[in-house]
Amino acid sequence: MSWGLPLATLLSRRVPVRGLEPGPVTGVGRMRWGDGTVMLVAATRPGELSRVLRTLATRRSLTLAGYELGEDGPLLTLHGATGREPVRVIVVGRDQPD
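80 is the number that my numbering gives to position 80 of the sequence shown; each next residue is one higher, with no gaps.
If you are wondering where the hints come from, they were derived from the structure by calculation, not from laboratory data.
Glycine included, each C-beta is placed from N, C-alpha and C at the ideal position.
Each statement offered as a hint is correct.
So the derived label-pair ranges between C-beta atoms look like this: (1) P46 x E68: 16 to 24 Å; (2) V38 x A65: 14 to 22 Å; (3) S61 x E21: 16 to 24 Å.
Can you make the complete structure from the sequences, with help from the hints?
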């Protein structure tokens, strides 16, 4: 399934991230968006998912700033995270039961 349209919708509507939970395997998180979209994501660098959690804990808005459709999956850049660099995560799949 293509991620182009769902990601374009998240970007154009500035849908915020509402939660991040442990995923079905180590190193993967279940990212929940304000419109009900749920996706499995992995960090591009160590600590990226922790930055998402810290941002959500401070009740700051975290939104999609951009994305690139790559061979390994969509690469998301998130706006509003704590720290100097933007958070980048890779979408590894759609949500599924554990």
